[in-house]
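**Student:** Just so you know, the sequences run in chain order A and B.
Under my numbering, the first residue of the first sequence carries the number 1, and numbering increases by one thereafter.
Under my numbering, the first residue of the second sequence carries the number 1, and numbering increases by one thereafter.
Derived from the structure by calculation, the hints contain no laboratory data.
Just so you know, not all the hints are guaranteed correct.
Ranges of calculated distance between the beta carbons of each label pair, as one might list FRET restraints [unchecked claim]:
| # | chain 1 | residue 1 | chain 2 | residue 2 | range |
| --- | --- | --- | --- | --- | --- |
| 1 | B | Ala263 | A | Thr77 | 50 to 58 Å |
| 2 | B | Lys224 | A | Asp96 | 38 to 46 Å |
| 3 | A | Ala10 | B | Asn257 | 45 to 53 Å |
| 4 | A | Arg315 | B | Trp155 | 47 to 55 Å |
| 5 | B | Gly126 | A | Thr77 | 37 to 45 Å |
Below, computed lysine to aspartate or glutamate pairings styled on EDC-like, alpha-carbon distance capped at 20 Å [as the list claims (entries may be wrong)]:
| # | chain 1 | residue 1 | chain 2 | residue 2 |
| --- | --- | --- | --- | --- |
| 6 | A | Lys21 | A | Asp31 |
| 7 | A | Lys239 | A | Asp294 |
| 8 | B | Lys23 | A | Glu296 |
| 9 | B | Lys23 | A | Asp294 |
| 10 | A | Lys56 | B | Asp186 |
| 11 | B | Lys223 | B | Asp137 |
| 12 | B | Lys177 | B | Glu246 |
| 13 | B | Lys105 | A | Glu291 |
| 14 | A | Lys48 | B | Asp186 |
| 15 | A | Lys214 | A | Asp199 |
| 16 | B | Lys23 | A | Glu291 |
| 17 | A | Lys51 | B | Asp189 |
| 18 | A | Lys198 | A | Glu248 |
| 19 | B | Lys105 | A | Asp287 |
Glycine is no exception: its CB is placed at the ideal position from the N, C-alpha and C atoms.
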Amino acid sequence: MYQVEEKISAEKQEMRAVFAKVIDEMAKEDDRVIYMDCDLMNSIGMAKYWKEHPDKAVNCGIQEANMIGAAAGMSATGLIPFTHTFGTFATRRVMDQVYVSAAYAGLNVKIIGSDPGITATLNGGTHMPLEDIGMMRCIPEVTIVEPTDCTMLADILRKAKDTYGVFYIRLSRKKADKIYKDGSEFEIGKAAKIREGKDVTIFATGICVSEALKAAELLEKEGIQAAVSNMFTIKPIDKETVIQAAKETGAIVTAENHNIINGLGSAVAEVLAENVCCPMERIGAKDRFGEVGDMEYLKKAMGMTAEDIASAVKRTIARKEG
Amino acid sequence: MNAKELNIFAAQIRRAALRAIKKVGAGHVGGSMSMAELMAVLYGDVMKIDPANPKMEDRDWLIVSKGHCGPAVYGALALKGYFDVEELDTVNRGGTRLPSHCDMKRTPGIDMSTGSLGQGMSTAIGAAWGSRYQKRDNYIYLVLGDGESEEGQVWEGALFAAQQKLDHLIAFIDFNKKQLDGFLTDICDLGDIRKKFEDFGWDAKEVDGHDVEALEKAIEDAKKVQGRPHMIVMNTIKGKDCTFAEDVLYNHHMSFNQEDYEAAIAALDEKIDRIKAGEV
Ligand SMILES: Cc1ncc(C[n+]2csc(CCOP(=O)(O)OP(=O)(O)O)c2C)c(N)n1
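From just these sequences and the hints, can you work out the full model?
**Tutor:** What follows is the structure, encoded as structure tokens:
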């Protein structure tokens, strides 16, 4: 079970610190865990681990396609490889290797893509994965998760290790907002409701979760009760929760740090269209490329701020019938 | 430009690149510094270009496949007059024309968008092929990183360019021995790169990448060899001539403060004075 912090504040540590710690712990407990990277060990805080465990950590060099293929081969021998590179290169650079060698072959590879969406900030448009979820969603049998804070990350990494199959884990390297109390546990495929409300449900992932909570506070001042649900598993999407939210609140808004095409918003829209009539709106990159800038600039440029979410909520509620 | 002028230009490019990175206080220092002499030789002397007409049809092209080193290129472009030197202060700020990685849609003088390593190899090959097909009288210059050359795409391109006999493609590898996580020899060793390219059918040579005369001669010699693409392996030092970077192990992406910056600029100014006085 998970518990939500009463007040949201910035984490004390960066996500990558927890990532490095948990990989280390898992590898100590389970010999099958292998860590692979493409020349970004310093960036993700794994250089120390690499020096200490040259037998279990492989720095492949800058050759992502080969890394995924090699990880698939290792997995075929019974190992559990965790691969890391930036989200752009962990997906679009290696699509066919993920598709054929890992997923189609039914193997067990855990793919970490760091710097989701606009969190790539100063690396700019080429490094800003706003389509990674979309591409991965089209590959059968791939589980897609985006851990929201350090507590969730630690839990999800362990669950990914213990759940056979290809995982795509979208990971911010930086400090997140702390949403969950220490020791919280999560069920993959099940949304975590973090705020009650009767007028609308906001489904959010990643950095948009705390923006959604801020939006809910803004809306409360205007008398609108917004529920916020953290849809940290984008695939398989939690259909029951989406349908229930539509029935209970009658309006849905999604908020994601991704293109509104084929990400969380699309997944939720698909469930709604096939099951229940409910107005919805999607917050996210409006089918555009990323660009260079700092977080504040980019959130505004992409329309991912709390204010943007609150406006979308009001428009959506206005479309409710009668 | 003569050798003395080119050496001064290289130091000025380093200065300008550091200024560009300085505004946000962090960036790809190491690889920008190691390619400064090459930028000086190409922009100062070798390339047929017109800063007032960046899209001139018969121009020579430069594709910086290690696109993270945008600041070094922006330094050269600004000094050549493609845009104001002041614009360097906008690097990486929201709305800029000068993002960390080279972007042909935004920056005057940038011939190809890069940032995903390995891809410039193929786009340069395509540009050389397309230029030859349209009977343009130009050369396509390409800069690859040594770490970048671990990408399979580089070697697919190496086979293809030789098969296509693209002799107007002149490529350089910035062989500074380091990638992001340290030395190539500890990560994914390229071995004898010159020999590898030769075996792939290229006209390949190795030079001191900080020696402007050697670079110029290598380019001149390359132009004399017909029927093969050219690879000039530049032996360089990552972080070269930047006081806070050159001797640091992890000098790929660095943050630095005002004090570091001022010391680096002072050292470069001093070098410029020594070059002028004929001491270097
Ligand atoms: C396909 C791809 N993988 C990874 C990266 C991240 N990255 C940027 S620069 C770099 C190291 C490059 O080393 P090298 O080519 O030797 O460049 P230099 O030392 O000249 O800066 C890495 C891993 C990238 N930009 N593209």
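**Student:** For every hint, state whether the structure bears it out.
**Tutor:** Each hint tested on the structure:
In this structure, Ala263/B and Thr77/A meet the distance hint of 50 to 58 Å, their C-beta atoms being roughly 52 Å apart. Separation of Lys224/B from Asp96/A is about 41 Å and conforms to the stated range, judged on CB atoms against 38 to 46 Å. The given range of 45 to 53 Å is broken by Ala10/A and Asn257/B, whose C-beta atoms sit roughly 23 Å from each other. A hinted range of 47 to 55 Å for the beta carbons of Arg315/A and Trp155/B is consistent with their spacing of about 52 Å.
The hinted window of 37 to 45 Å between Gly126/B and Thr77/A holds, with their beta carbons roughly 39 Å apart. Simply put, Lys21/A and Asp31/A have alpha-carbon atoms about 16 Å apart, close enough for the 20 Å limit, and the pair holds. For a cut-off of 20 Å, the pair hint linking Lys239/A to Asp294/A is broken: about 35 Å separates their Cα positions. Annotation: proposed proximity of Lys23/B to Glu296/A holds, straight-line Cα distance about 17 Å (limit 20 Å).
This hinted pair checks out: Lys23/B and Asp294/A have alpha carbons roughly 13 Å apart, not beyond 20 Å. Of the pairs offered as hints, the one joining Lys56/A and Asp186/B holds, with about 15 Å between alpha carbons and a cut-off of 20 Å not exceeded. Proposed proximity of Lys223/B and Asp137/B is supported: the alpha carbons are some 12 Å apart, at most 20 Å. Between Lys177/B and Glu246/B, the direct Cα distance comes to roughly 13 Å. Compliance with the 20 Å bound is thereby established for this hinted pair.
Our distance criterion of 20 Å between C-alpha atoms is met by Lys105/B and Glu291/A, whose separation comes to about 12 Å. Between Lys48/A and Asp186/B the CA atoms are separated by roughly 14 Å; this keeps the pair inside 20 Å, and the hint holds. Between Lys214/A and Asp199/A, the direct Cα distance comes to roughly 16 Å. Compliance with the 20 Å bound is thereby established for this hinted pair. Between the alpha carbons of Lys23/B and Glu291/A the distance comes to roughly 17 Å, so the proposed pair stays at or under 20 Å and holds.
At most 20 Å may separate the alpha-carbon atoms for a hinted pair to count; Lys51/A and Asp189/B meet this at roughly 17 Å. A threshold of 20 Å between alpha carbons decides the hint, and for Lys198/A with Glu248/A the separation of about 7 Å falls inside it, so the pair holds. At roughly 18 Å between alpha-carbon atoms, Lys105/B and Asp287/A fall within 20 Å of each other, so this suggested pair holds.
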